[in-house]
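Trainee: Numbering (the numbering used here), first residue to last: 10 to 79.
Hints are all accurate, no fakes.
Here are the computed distance ranges between Cβ atoms for each label pair:
hint: 1; residue 1: T76; residue 2: E38; range: 52 to 60 Å
hint: 2; residue 1: L68; residue 2: Q44; range: 30 to 38 Å
hint: 3; residue 1: E42; residue 2: E74; range: 43 to 51 Å
hint: 4; residue 1: E49; residue 2: Q75; range: 37 to 45 Å
hint: 5; residue 1: C22; residue 2: K78; range: 51 to 59 Å
hint: 6; residue 1: L20; residue 2: V72; range: 39 to 47 Å
hint: 7; residue 1: T76; residue 2: K53; range: 28 to 36 Å
hint: 8; residue 1: A25; residue 2: L57; range: 24 to 32 Å
If you are wondering where the hints come from, they were derived from the structure by calculation, not from laboratory data.
From a predicted model like this one, the values you see are computed outputs, not experimental measurements.
Backbone N, C-alpha and C fix where the C-beta goes; we use that ideal spot for every residue, glycine too.
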Amino acid sequence: MIRLNGAMVVLACAIAFSACGGDKKDSAERDKEVQKAIQEGMQKEKSLYEGMQKNVETLEKKVEEQTKKK
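Could you put the whole structure together from the sequences, leaning on the hints where they help?
Mentor: See below:
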């Protein structure tokens, strides 16, 4: 979740800087790049979360098997 919050801060900064003026085409390109980076970060975060979830399930199964053996 910390990375997700960081991505939101990056997006807010990108929007703030793009609002300062400059060439609109460059701003649009930067906005697209920032959006792409945020989406990639969110995708990595989701993959990380899913991996942790699988590990928890595996650990729970192992614990359950060990308790059944006793």
